[in-house]
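Participant: All chains, full assembly: derive it from the sequences and hints.
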Amino acid sequence: MALNLEARQNLSDLIVNITKTGDLYLDADQVKQVKAICKRSDSNVKAAYELLMIQLQRKHAQIRYSSTQLIAEIFQRSHVFRELLVADYSIFLQLTVGIHQNKLPPPVVFAEKTKQLAISLTNEWNAKYGAVYKQIALGYEFLKYHLKVDFTNLVPVTDEARSAEQQAQEGMSKRLRRKRYEKAAAELDEKADDIQDNLRKMDSCFEILVPNIDDEGTLNAMFDAPEHTVEDDRELQQDQDLEGEEEGEGSNTEGTYLQHDPLGVRDNALGSNRYKLTISLDRDNVVDVHESEENAELFATLRECYRLIIKKHWPLVMHWLDVMMKVDQEPGESRAEYDRLLKLAIDLKKGVVEAKAKSEDLGINMDTMYGPHEQDSEEDDIEFEEVEVSASKSDRKGKRPKRNIRPAQAPRPSKNPVFAMHGAEILVDDPTYAGGTRIAPVRTVDSPLEEKQYSSSASGSRATSEAPSPPAEGGETRDDLLARAPVLPWDDDLAVWDKKEMAFNTSGLEFSHRFLGVGDGSNMVSQATLDRMKMRTRIYNPELPEVIKACRYPMSNGKLCMRRDLVRCPYHGPVVPRDEYGQIQRAPEEGGFVHEDDMLDDEQEADLIQRAIHAASSSTTSSGPNTRSSTRLPKSTSTWEDIEDDVHLALGLEKIEPKRKRGQGSSASSKKKKPPSALVNISKPADSSRSRLLKHMSSKATKDSLDQDRRGEKADLNRDSRLHQW
Amino acid sequence: MEVAPRPSRSHGSSNGHVRRCRNPFLEFELGLVNRARFRNQFLAKRILDLALDPSTTIQREHVGAVNTIDIEEAEGRYLISGGGDGNIHVYDLDDSEREERRIIKSMVTTQGSSQGHKGGVSRVRWYPFDNGMFTTSSFDSTIKAWDTNTMEVACTFDLANKVYSHALSSKATHGLMATASADPRIRLCDLKSGAFTHSLAGHRGTVLTVEWSPRHEYLLASGSTDTTVRLWDIRKSTSCLCSLDLHNSRSAPLSESNVAHTRTVNGLNFTPDGLHLVTTGHDDKMRLWSLYTGQNTLTNYGTMIRNQFVSNLSPLISPMSSGSPVYVFHPSDDRSLLMFDLMDGSLVKRLTGSYGRITALAWRPRTQEIYSAGNDHDILAWGPKSADREDALRTIADQDTWSDSD
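Line by line, the protein sequences are chains A and B.
Per UniProt numbering, the very first residue in the first sequence carries number 1; after that it's consecutive.
Per UniProt numbering, the very first residue in the second sequence carries number 1; after that it's consecutive.
Source of the hints: derived by calculation from the structure; they are not laboratory data.
You may find that some hints are simply not true.
Cross-link-like lysine-lysine pairs, in silico, DSS-like; alpha carbons within 30 Å at most [stated by the list, open to error]:
id	chain 1	residue 1	chain 2	residue 2
1	B	349	A	128
2	A	46	B	349
3	B	385	A	46
4	B	105	A	148
5	B	118	A	39
6	B	171	B	192
7	A	113	A	46
8	B	171	B	285
9	A	311	A	358
10	A	684	A	103
11	B	162	A	128
12	B	162	B	192
13	B	171	A	103
14	B	385	A	144
15	B	45	A	46
16	A	103	A	695
17	B	385	A	128
18	A	128	A	46
19	B	105	A	144
20	A	39	B	349
21	A	148	B	118
22	B	118	A	144
23	B	105	B	385
24	A	35	A	113
Facilitator: What follows is the structure in structure tokens.
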């Protein structure tokens, strides 16, 4: 019996704790403890049920919400609990959903949550237990029929429902994947031949265009030399690409091929092979095959195939691979089929990648869909426009053949962003962004304030300015200029700061005012306006000191002056550091403005100013404590307490202990730690506009003024009535 | 309650193995208990096991509160319900009897019929002797007698007042129908002629309930808003026999000071043997009267009853059998059904589960089932929990599922 009582007490404490936190989610540990106790015996379950029903009846939606959650937990587990709850199910619904004209208690948010939770629970319990527990089925029916509750699209709340939902979802996605796989497999079988055809076609083109260096015979034929001993294949290939001496801009002149054949020196009548030859590789055109009249057809074919690969086959193959990787293949007879398809897909991918790379090496990419030897008859083909995306891709590799280069349209990002902007990295994508204004650098002003506030932008700009840059005009290097350039936060004035004059209509179109017609003046922004545009708004945001020192001048009554002034006491001159007797600790420096030994640092200074401003703005400075404590943080509360203490000390009075809320108890006992609770205080009247108005109405001042008005009106009436008496 | 009958000593000593046997059916088969005793005990147990029947659903047909239901006595098969929407539905309770889940649908209805009631139906009653006819009273001040087979009105009585209840004697051959209406007089309608025979004057307020004695052909009891319960002999010229007195004072039987309840009386019922009368009223009390003496038996049924609606609300009394207690069922306004021991007044069971206020009860003798009508438009079946039924679902629900981690 004693054990039972103990368990019951534990249970009671736990349940009250759990439900009184007011949190949205229950404390898993405590819930576990409750379950552990309930598991021990059915009488404990019964006790838990009674306690929970008591909690559920409290007039606080948060408590009810937590209780409902806990009920759901135990309901799942215990048969006895189910029987008990089911017998009182209509009461449960009354307390959680508010059927039978029961209103749920505030706060409204939690009341709504409780209601939703109970509805979801009813829905799930009805699905599971409805056939056995008629009350739940009836409750479900009642909610559906009388309250018109919509039971579709409810979020699953019990674990079982949740896992069931998850399983259903998984099953569905699995089916979906399976379906996709089947589709892809069919497609693969169908299209594989096409792709392979295409690849074969390209291969044959490549074979014709580029000699196969793996083949010894071809090499020999090519170089017309008996043996090669030293170089490996790779070098050989590079050797083919030898270029003219001009750095970087290797234009392929006639006969370069021969000229740069190291083994052809003698054939070229150089006579000696001891000439110094500079060899450089053209990175733009690795394979030195150029398009000419003869191979134009081949190139055209290749382009066609390439386009097919890029546009159709590549995405298709990737899609297949993707689908096949994702489908979970159970072992079985379909496994072999799956393996075959996968292998096929991988092979195709390899082939496509190879062909793509090869054709790009040949200078075929989406930019150059038409060779120089082709007719431009299809110039206006719409597909030409779509090329842009992949063009930028191939651009990166820098394999753009000279002859086919079209003028770049993309905005060139500025190489010297003198004024770095916040988020310039993002803006790069913005076509309207020109990469900041380029200006002649000015000397950097190292402002500490700006350094602090805009450190992020400054560091950003530093990072960008470290990039190598071309030399600037005017003797100084760019780096020098940059080193001196000021770093400023972006503002509108930066757009016009270097403009001497500015036209306000640069569109070239003539706008006429709808009433005044075309203006006859100059099209320029006036100098005054321009000047104003170059101005910058800056909001001064001073930081104010926190503590103001007392004057502490020794007064005639033996006390120290308690005035607190920022700089100067009106009675005793500048505030200087003094010792406990009021003696100046250090002689004031010349100039009258005395600084303390431990100079006021910026923070203190700022605090001082703020306090000064605060004092000036509040009309009730003298009535200090309340106003200050209400406007400032706890730290400031201690400030006024300090002042008070100082004054009391000076007057020889006792220090006033701040009153604790619950009176006379010692601070140790009154500081009994309570667990933090998120419960909303519902006994407090809501701060509505109505309550505020009522408060205002009932205040004495308002009443007085009303009375006065009424009296005035009465007086007026009297006067008026007298006026009408003849 | 002891379920299994104690085997008699003589038998027990001779067959030791039988004595240990606790199966009442087997004991009955072996002749260890006599038939009547077995039957009584079995029925008593079933009544005690009464609970909301999870496997029976009566389809919701009414679009308003169900005010009244009745089950015919001839076959115990058909249930009739009258709703606040003025419609009457007849259900066949044997519908899908064999199935696991019984769903009972309305068989016939007066819905859409031009002959139906214009106002809410206050009381329906089967004709006690066969199920070819039933009578309905309604707030539209009429009482109609219906032919069940054609679902047509055979006869209409217009009482010019709201009718709260009516009663047909299950004993008498006179074919008189007593009516309880907003008129203080109880009017008797003759089903044979279709006319009013005479009126019983005595009440001073709306009569809410009226009932014939199952023992005496001409004895009638009525309850009224004037807080009195009156007994009538319809043959006498001064027909009122007595007005029941709650305090059992020695006043005259028809004294003005006699009151049966301190507030409106809205339900009464005779025990099946006709020896007692149960009345209930808005003072949240139920009282049991002895009809031999006409005195209050002073049985205390406790304070659980809530009864505050001005409508007929009759307690239901389980069939009597010697040797087992008789129970009385009283619907309470807190949506529960209270089950009392008739004689000692103790609360035996509180049946919960209805989501509406229970407005009427009907007993189905064959299966010991109770049917209840609620103002949530629903009719519920309360049956003995069948312990022997091994339901797969039941076993799932019976399991505890504590996880090991708890």
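Participant: Now tell me, hint by hint, if it's right for this structure.
Facilitator: These are the hints, each one checked on the structure:
1. B/349 with A/128: The given pair, whose Cα atoms are some 27 Å apart, holds under the 30 Å limit.
2. A/46 with B/349: This hinted pair holds, its Cα atoms lying about 18 Å apart.
3. B/385 with A/46: holds (22 Å)
4. B/105 with A/148: Between residue 105 of chain B and residue 148 of chain A the Cα gap is close to 23 Å, so the pair holds against 30 Å.
5. B/118 with A/39: Between residue 118 of chain B and residue 39 of chain A the Cα gap is close to 58 Å, so the pair fails against 30 Å, i.e. violated.
6. B/171 with B/192: Roughly 16 Å separates the two Cα atoms, so the pair holds.
7. A/113 with A/46: Holds: residue 113 of chain A and residue 46 of chain A sit about 26 Å apart, inside 30 Å.
8. B/171 with B/285: holds (29 Å)
9. A/311 with A/358: The hint holds at about 17 Å.
10. A/684 with A/103: Given that 30 Å is the threshold and the Cα spacing comes to 19 Å, the pair holds.
11. B/162 with A/128: violated (46 Å)
12. B/162 with B/192: At roughly 23 Å apart (the allowed maximum being 30 Å), residue 192 of chain B and residue 162 of chain B satisfy the hint.
13. B/171 with A/103: violated (50 Å)
14. B/385 with A/144: At roughly 27 Å apart (the allowed maximum being 30 Å), residue 144 of chain A and residue 385 of chain B satisfy the hint.
15. B/45 with A/46: holds (26 Å)
16. A/103 with A/695: holds (28 Å)
17. B/385 with A/128: holds (20 Å)
18. A/128 with A/46: Holds, at about 22 Å.
19. B/105 with A/144: Satisfied, since the Cα-Cα distance of roughly 20 Å is no more than 30 Å.
20. A/39 with B/349: Roughly 28 Å between the alpha carbons, so the hint for residue 39 of chain A and residue 349 of chain B holds.
21. A/148 with B/118: holds (28 Å)
22. B/118 with A/144: This hinted pair holds, its Cα atoms lying about 29 Å apart.
23. B/105 with B/385: Judged against 30 Å, a Cα distance of about 22 Å means the pair holds.
24. A/35 with A/113: holds (24 Å)
The structure shown violates the earlier hints numbered 5, 11, 13.
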